[in-house]
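Peer 1: Taken in sequence, the protein lines are chains V and E. Heads up, the first sequence stops at 1786 in this note's numbering, and the numbers go up one at a time, no gaps. Heads up, the second sequence stops at 395 in this note's numbering, and the numbers go up one at a time, no gaps.
Derived by calculation from the structure, the hints in this document are not laboratory data. Some hints could be false.
Derived DSBU-like pairs (lysine-lysine); straight-line CA-CA distance at most 30 Å [as the list claims (entries may be wrong)]:
id: 1; chain 1: E; residue 1: Lys267; chain 2: V; residue 2: Lys1632
id: 2; chain 1: E; residue 1: Lys159; chain 2: E; residue 2: Lys291
id: 3; chain 1: E; residue 1: Lys345; chain 2: V; residue 2: Lys1662
One side of the interface only, derived from the structure: several residues of chain E facing chain V at Cβ under 7 Å [unchecked claim]:
id: 4; residue: Leu228
id: 5; residue: Asp231
id: 6; residue: Gly237
Every residue, glycine too, gets a C-beta built ideally from N, C-alpha and C.
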Amino acid sequence: MLNLLLLVMILLGLYIILSLSLNLIAGYTGLLSLCHAAFYGIGAYTTAILSVHTGLSFWLLLPISGLVAAVSGVLIGLPTLRLKGDYLAIATLGFAEIVRNVLTNWDSLTGGPRGISGIKPPVLFGYTLDPLKKVNYLILVWFFVAITFFVLKRIMESRFGRALEAIREDEIAASSMGINTTKYKVVSFSIGAFFAGIAGSIFAVFIPVVVPGGFDFMLSVTILCMVVLGGMGNHIGALIGASIIYIASMLPQILGFSSIISPQFNQIIFGLILVIMMIYKPDGIVGRKKPDFEKLIGASLKKEVSR
Amino acid sequence: MNNILEIKNIHVQYGNIKALNSVSLTVQKGDIVSLIGANGAGKSSLLKAVSGLEPITQGTIEYNNQIINSYQSSKRLRPDIISSMGIALVPEGRGVFSQMTVLENLEMGAFLVRDKAIISKKLLEIYAMFPILKDRKDQKSGSLSGGEQQMLAIGRALMSSPEVLLLDEPGLGLAPLIIKGIFEVIRSINDEYKTTIFIVEQNAKLALKNSNKGFVMETGVIVLSDLSANLIENPQVKAAYLGE
Chain V
1480 MLNLLLLVMI LLGLYIILSL SLNLIAGYTG LLSLCHAAFY GIGAYTTAIL
1530 SVHTGLSFWL LLPISGLVAA VSGVLIGLPT LRLKGDYLAI ATLGFAEIVR
1580 NVLTNWDSLT GGPRGISGIK PPVLFGYTLD PLKKVNYLIL VWFFVAITFF
1630 VLKRIMESRF GRALEAIRED EIAASSMGIN TTKYKVVSFS IGAFFAGIAG
1680 SIFAVFIPVV VPGGFDFMLS VTILCMVVLG GMGNHIGALI GASIIYIASM
1730 LPQILGFSSI ISPQFNQIIF GLILVIMMIY KPDGIVGRKK PDFEKLIGAS
1780 LKKEVSR
Chain E
152 MNNILEIKNI HVQYGNIKAL NSVSLTVQKG DIVSLIGANG AGKSSLLKAV
202 SGLEPITQGT IEYNNQIINS YQSSKRLRPD IISSMGIALV PEGRGVFSQM
252 TVLENLEMGA FLVRDKAIIS KKLLEIYAMF PILKDRKDQK SGSLSGGEQQ
302 MLAIGRALMS SPEVLLLDEP GLGLAPLIIK GIFEVIRSIN DEYKTTIFIV
352 EQNAKLALKN SNKGFVMETG VIVLSDLSAN LIENPQVKAA YLGE
């Protein structure tokens, strides 16, 4: 039981990193991307392939995996980011399918459908982080959740983040403010891809097997739903959205009903949450920004007084 | 002599449809110029070409004798570069960042200005020009009325202290009284900062009354160009655009 809870918490951490990073792309910059699972997979496979063939240390593979994902983000971003809305979604969907197909069919490099096993666990100060001792990974994952959270929060609150928001609101107006919209969109896309790659790298050493099936379209949609459920453009929202969707989908296992309730039941819970949300809370649970009531009331009071 | 904008024989095409067919016009420094014409005449396409949002298939556009948009793609400048050179666009439909507050919108207008002192000085000037924006500075701009949003869009464009201000249908969807007020402000901007102003407008009467020079556009071609005072008296214009 404890083991299951630890596993849930570790995977939840990875989902939170994914939804935080997609929030930068979709929630903040307004780019409807459906290839986040592909970046996650690229990160995981980079770590797996290099770990097995070169034996490099995890601490080196982690940033490399992030960078490979970021570079692939730039490569897919440059030609497609001039597209808007649904068109961009379809282009990114195509990219995700290409990645999945390459992972499945390039036998000599990726091991095909069997995937890659034998990924070496990370070593920290001479102490090997054994995947069977989950507490180690719990700390590792949540350490990176914290880093991702604060780095992305800083980015979103910076001048750069403001520019991304402006692009989301009105691209023409943003470019006439002097914002190089293409550059900012590509950078935002690749930062998001970088963190997805980091999550993939941690996933690869934790499981420690990677198979192509884990990085499919459903995962991209699930991550997008986490962001939408929490509230687009709100990092607290991404965190809450990921927690609700993932924990709800694991509920049968956690409560020990998995023998009675079939795994497909997850999809029902998942769909139900989304339908209820769209009816009662279309802006997401937290919404875009917390309204500052005190300030609003204060401003209107001041106006009354000055009259 | 003092030509700040020089548009030479430009063509703009959307697929097979010609939106602009060999349009030439010059704008002199410090003038208020209005371009009038019916829906679909190509007015907005011209402004988009000047601000770099629309590539042109023939001709060139020069700003201060430097090519900013050209039929040669290597000589085209990006919209953000054109705006950094001093051409500010107030887009059609205002284009305020509706999820941001009024103050944040104005700060976005000064995106390229790094000096905080200049930004706060500019902000005070804008607040003096549009006191309503000061009252609403912490309100989300999406909750403003149409007229207030237009004021915000103009104020935002002025934050970068532009040399040329391009206005795309500033009167669109506003009450006549509000449009009048907006045009008064446009004139005072021209008076105070000597900003060259280029207005595209369907409300021909107001646009011509508040400008020095006017151009009339029909299906992608400039058919008349004269002093605005003369255009108002022109029988052709009177019949077609002023309803007299």
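Peer 1: Each of the hints needs a verdict: does it hold here or not?
Peer 2: Now for the hints, and whether the structure bears them out:
1. Distance hint between Lys267/E and Lys1632/V is fulfilled; the C-alpha atoms sit about 23 Å from each other, no more than 30 Å.
2. For the proposed pair Lys159/E and Lys291/E, the alpha carbon gap of about 41 Å is over 30 Å, so the pair is violated.
3. Between Lys345/E and Lys1662/V the alpha-carbon distance is near 33 Å, which puts this suggested pair outside the 30 Å criterion.
4. The closest approach between the C-beta of Leu228/E and any C-beta of chain V is roughly 11 Å, which is over the 7 Å cut-off, so the hint fails.
5. Checking Asp231/E against chain V by beta carbon gives a least distance of about 5 Å; that is within 7 Å, so the hint holds.
6. The beta carbon of Gly237/E is not positioned within 7 Å of any beta carbon in chain V (closest approach about 10 Å), and the interface hint is therefore violated.
In this structure, the earlier hints numbered 2, 3, 4, 6 are contradicted, and the remaining ones agree with it.
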